[in-house]
Amino acid sequence: MKNIIVCMKQVLDPEIPLSLFHIDTEARQAIPPKATPPVLSPFDENALEAALKIKDTQESNVTVISLGKKLNRVVVSSALAAGADHLVLLQDEAFSDFNTYLTAGALAAAIKKLGPYDLILCGLQAADTNTGQVGTGIASMLGIPCITAARKVELDDDKVRVEKVSADGSEVIEAPAPAVVTTNYEVGVLREPGVEAFMSAAKKPITTWNAQELGIETAGTDCFNMVQMYEPVQEGKCEILEGASPEEKAEKLVTRLTEVKVI
Amino acid sequence: MSENTGVLVHCEVTGGKFAPIAIELLGAGSRLASELGQELSAVLIGSDIGGLAQEAIACGAKKVYVIDEPSLKDYATEPYLMVMEKVVQQALPSILLLGQTPSGRDLAPWLAFRLNTGATMDCMALEIDPATRRLLMTRPVYGGNAQAVQVCKTDPQIAAVRTKAMAPSAKDDTLQGRVINIEAGIDSASLKTEVVERKIEAAVGVRLEDARVVVAGGRGIGSAEGFQQLEEVAGLLKGVVGATRPPCDARWVPDSRQIGITGKIVSPDLYIAVALSGASQHVSGFFSSKVIVAINKDPEANIFKVAHYGIVADWKAALPAFTARLKQVVG
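Protein chains in written order, with our numbering: chain Y, 824 to 1086; chain R, 2 to 332.
If you're looking for bench data, these hints aren't it; they were derived computationally from the structure. For clarity, every value in this text was computed on a predicted model and none was experimentally measured. Even glycine gets a Cβ: it sits at the ideal position worked out from N, Cα and C. Worth double-checking, as some hints may not be accurate.
Under 10 Å between C-beta atoms, here's a sample of chain R residues computed to sit facing chain Y [said to hold, decoys possible]:
1. 15
2. 40
3. 135
Same shape as in the complex, but just chain Y (with noise of 0.2 Å):
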């Protein structure tokens, strides 16, 4: 029995309308917008399909950790309904989006607290807060290995096996196991679940801890200061090639280009 862990961030959902989007300049964070639920972040659903996939090959236990401020149960659940059996929802008014410290260390402390493991998955980077370095904070804090990027992700005997992109082609990089790997969105797209499963889902496991019962610190733990948050201004300059046909308006265009000299 194989035990893996997929570190799970519940996230504004990225594919919102910009209408829909607004930023709160003083809290340096955005609104959440009343409307939309939030989602799963896509890079942590491909995590989780990368840990069924070993699943669907060999016995595994597969814990999803979710970390946040206040965590929907709907969302969080899904990973259950997608076939995780067991989630842990780490909860506490100190966390916060973007202390990639804190983050790291809670998991850590959980995924300890959680027994042994084999491997630790989590996304490239969460889809609001853009960083990446989760999965390698984990593993410092653990002292083990953190293979970044993965597009195929393998659990052999006491081997972790991973292909990923490199600059110039791919490479095969072999770990012993516990190790942490953080997966692309090559690695595929999360399946989705059956109603069955969304039944099945109501009867697995969900533990909730709190900073205090990690037994971790958060006060003094973020080394950033957040000195200003903005939406970008877009320019609007945009020179609409007006024409009574299509080929009028193609003929402009490309006039346009030869000038300015790109074609």
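Starting from the structure of chain Y, add chain R where the hints point.
What follows is chain R alone, placed relative to chain Y:
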């Protein structure tokens, strides 16, 4: 504050030459160092790279740390991390710049955790705060919907910088600097990970990241056959076809063609966006392109806020007309 001082730049080497990002980081590092009145230094890791030290000096580096060993020919996490840690502990920089490249993305977080400091990824702008003399690092967050500016309170302040975000350094061969050779001293028995296979994948044609022209399609293209029409335009302009996420998810094009925060970052001379709305997630992957063209039937589509030239029309009518005209001009 610590006693760290100066700017250290990791200069990536590919195929025996500096990668373009190396020259861009030297340009940015030079500017920051002179604003701070401090020194620029560079670190070069690889095999048979000693000759490149002079080029880093010509770009303004006063000290160049060179770790030149056959075992360091290709990037691997553990040996490069060990070497970088060693150099940083010797150089004690206040600012450390790496590229937002496969190796920089891998290495920067490791260095941050090992050195008890923070790394800021995907930086698009770097400025010195005149009041505090700390580095202001700007990067996209929320899938490109917002920009965050942050400061790291500890040294070294590590920044992974997006390619083509910084102007490349000028070169002056009369500049002087010192080359410091450092032994890697890696005990291979201590390495846990092993690269068991390396495949050079001969790119068919130009790589998306290097293309001068990119023709990208969105959900509106509707099929793999539709993308064939984009291929024709790309062929005429010696460009490459890219896509937003939905066409990749639908398997009309391979995943490797995806442009955006969750795919590749490109910065061509000409970006032609066909039948795509311009979601921030995607725009963030190409908005530094020199000339952006949008073809979309919805005049309210966000892509027209980003584009320089636009055609409001159904792509099924506009693209064949554009292709036909191109054939007359470039064909």
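Comparing the hints with the structure gives:
Because the beta carbon of residue 15 (chain R) sits about 6 Å from the nearest beta carbon in chain Y, less than 10 Å, this interface hint is met. The beta carbon of residue 40 (chain R) is not positioned within 10 Å of any beta carbon in chain Y (closest approach about 24 Å), and the interface hint is therefore violated. Of the supplied interface hints, the one on residue 135 (chain R) holds, with its beta-carbon coming within about 9 Å of a beta-carbon of chain Y, less than 10 Å.
Comparing the model with each earlier hint shows a violation of hint 2 alone; every other hint is respected.
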